[in-house]
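J.: Spelled out from the first residue to the last, the chains are:
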Amino acid sequence: MANSKINLDTLTIESAHEALLRGDFTAVELAQCYLDEIALKNKEVNAYLEVFDDVLEQARKAQTLVSSQNMLAGIPIAIKDNILIKGRRVGSASKILEGYIASYDATVIEKLRDAGVVFLGRLNMDEFAMGGSTENSAYGPTRNPHDLSRVAGGSSGGSAAAVAMNGALATLGSDTGGSVRQPASYCGVVGLKPTYGAISRHGLMAMGSSLDIVSPITKTVRDAEILFTAMKGKDIYDSTSINIVPVAVPKKPIIGVPRSFLTGDGIDATVLSVFEESITRLKKLGYEVRDVELPNIKYSLAVYYVIMPAEASTNLSRFDGVKYGAKVEGKDLAEDYFLTRAGGFGREVRRRIMLGTYVLSSGYYDAYYNKANIVRELIKADFAKAFQSVDVIVTPTAPSPAFKVGEKISDPVSMYLEDIFTVPANLVGIPAIAIPAGEKEVEGKKLPIGIQLSATHGAEDALFKVSRDFLGENK
Amino acid sequence: MITKQDIEKLAELARLKLTEVEADKMQADIGSILTYIDQLKEVKGTESERTIVGDNRNVMREDVPSQNAGVYTRALVDAAPSHEGDFIKVKKILS
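Respectively, the protein sequence lines represent chains A and B. Counting in the numbering used here, the first sequence runs from 1341 upward without gaps. Counting in the numbering used here, the second sequence runs from 85 upward without gaps.
Check the hints yourself; a few may be wrong.
Stated by the list, open to error - Which residues of chain A face chain B? A few of them, derived with a C-beta cut under 10 Å, are:
#, residue
1, 1361
2, 1363
3, 1365
4, 1444
5, 1451
6, 1479
7, 1589
8, 1679
9, 1680
10, 1699
Bear in mind the hints are in silico, worked out from the structure with no lab data behind them. Note that the Cβ used here is the ideal one computed from N, Cα and C, for glycine as well.
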């Protein structure tokens, strides 16, 4: 039932907080509003794998924490299925974790719960965050709320679709090679991948440990900033986490465009025209725009598809039927492993485990893994040099708008190419934000198109400033 | 080019059981991904290029427990598909 006091279309974390403070509505009414919306839309969209049964109880408690000091109290947020909430089911949308209950809280969950966040449920994803369409989920694909015949993107497709369908005020995803930015782009919402290490990975199921980070998906840049601020900080349970030293924002950040990276075929014409319009818009807002050279960026995806599977195959060796989740009995321990893993892992996960095992195996280690690490350093050096002359680098977020369910599932390389613009930020460890910039009308449906802004390590504030200017959020 | 024997060997190393059909598909998929990755061979660059490092390396700490003993034991043992008392059960590996 619709609540006439609450307009979910225009609601943001900031405006919901102000309304809760004024008493326009209560945290329970707000939570109920989202539960109603989920009940209405999730059957078609399949963003949620589970809606928690104690949401209203959480909201009642959160109401007592509402204060002007506490922006997140009573804010309903949903969580990607690879982030642990103690005592609740979690499974990375994989059969191998069927029945698994989280033994502890992720650090981000602890922080958000302390702030009074209401957790609505857990969200669909590509199995173990491997994929760009959420079609690799063991529980069926998530569909794009803008066009149900199309994918929501991935791997955090549930997280992006939930925000886009008004099924949560904000969500958490994780980003290893674009898993938050690409679905945000497909669904017309904001996705922030922070500086590597800025947010603890403790309690986030590992895929590529040198690339992974917990990342918020929101409706506004301001909301992404609010969640980032609430979650960041060094954590004793993640030795790669850091207290980032925020880089001061120049009065008028200089924008860089890597022109030679935008000429490859396979980039949709409307994506390119939206990009050019966006650059024009930034110039009109008074930003200076310069060309930058990133000579080795074209190798990013090749580097990524060595390093990520190498790390993922190592991380996923822990799923063996002994420690958690599902188990298939064989005649001996070795056969238990083979049968459990064969039945539990889906096709894309097996593909990456095999690829990772290959690039790490003796004889190929130097040619692939070592070489990829060398090229990764060259790419980092390219970015370091570029950031000497510009503050923010802008590209499209994805080379095309959302594609049809089933369109790319049988061709892994064409699916991987959807990450071409997002992967570099993970390899280099820099922050990047995806924001809506335009749309393409196809078959009567308006498909969102995004742009991506990236900046040097710790320079999230520059991303927030330019993005807010671009979207007119400062007004 | 990756061979069928390579795929079988990798599946063995990765503890994955593949059917004949899956192995054929895997050979084709891995082959096309490796063809894409092979562009790395055109990049000149040596070990000496690996001079730039992130802010964070070799994080050292004392090898001491960061939690009180036993806090998570029950939950972790219960998470194992086969367990008995405080133990995780596995099949005998020595004969």
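J.: Run every hint past the structure and note whether it holds.
T.: Outcome of the hint check:
{"no.": "1", "hint": "1361", "verdict": "37 Å, violated"}
{"no.": "2", "hint": "1363", "verdict": "40 Å, violated"}
{"no.": "3", "hint": "1365", "verdict": "37 Å, violated"}
{"no.": "4", "hint": "1444", "verdict": "6 Å, holds"}
{"no.": "5", "hint": "1451", "verdict": "17 Å, violated"}
{"no.": "6", "hint": "1479", "verdict": "20 Å, violated"}
{"no.": "7", "hint": "1589", "verdict": "20 Å, violated"}
{"no.": "8", "hint": "1679", "verdict": "6 Å, holds"}
{"no.": "9", "hint": "1680", "verdict": "9 Å, holds"}
{"no.": "10", "hint": "1699", "verdict": "8 Å, holds"}
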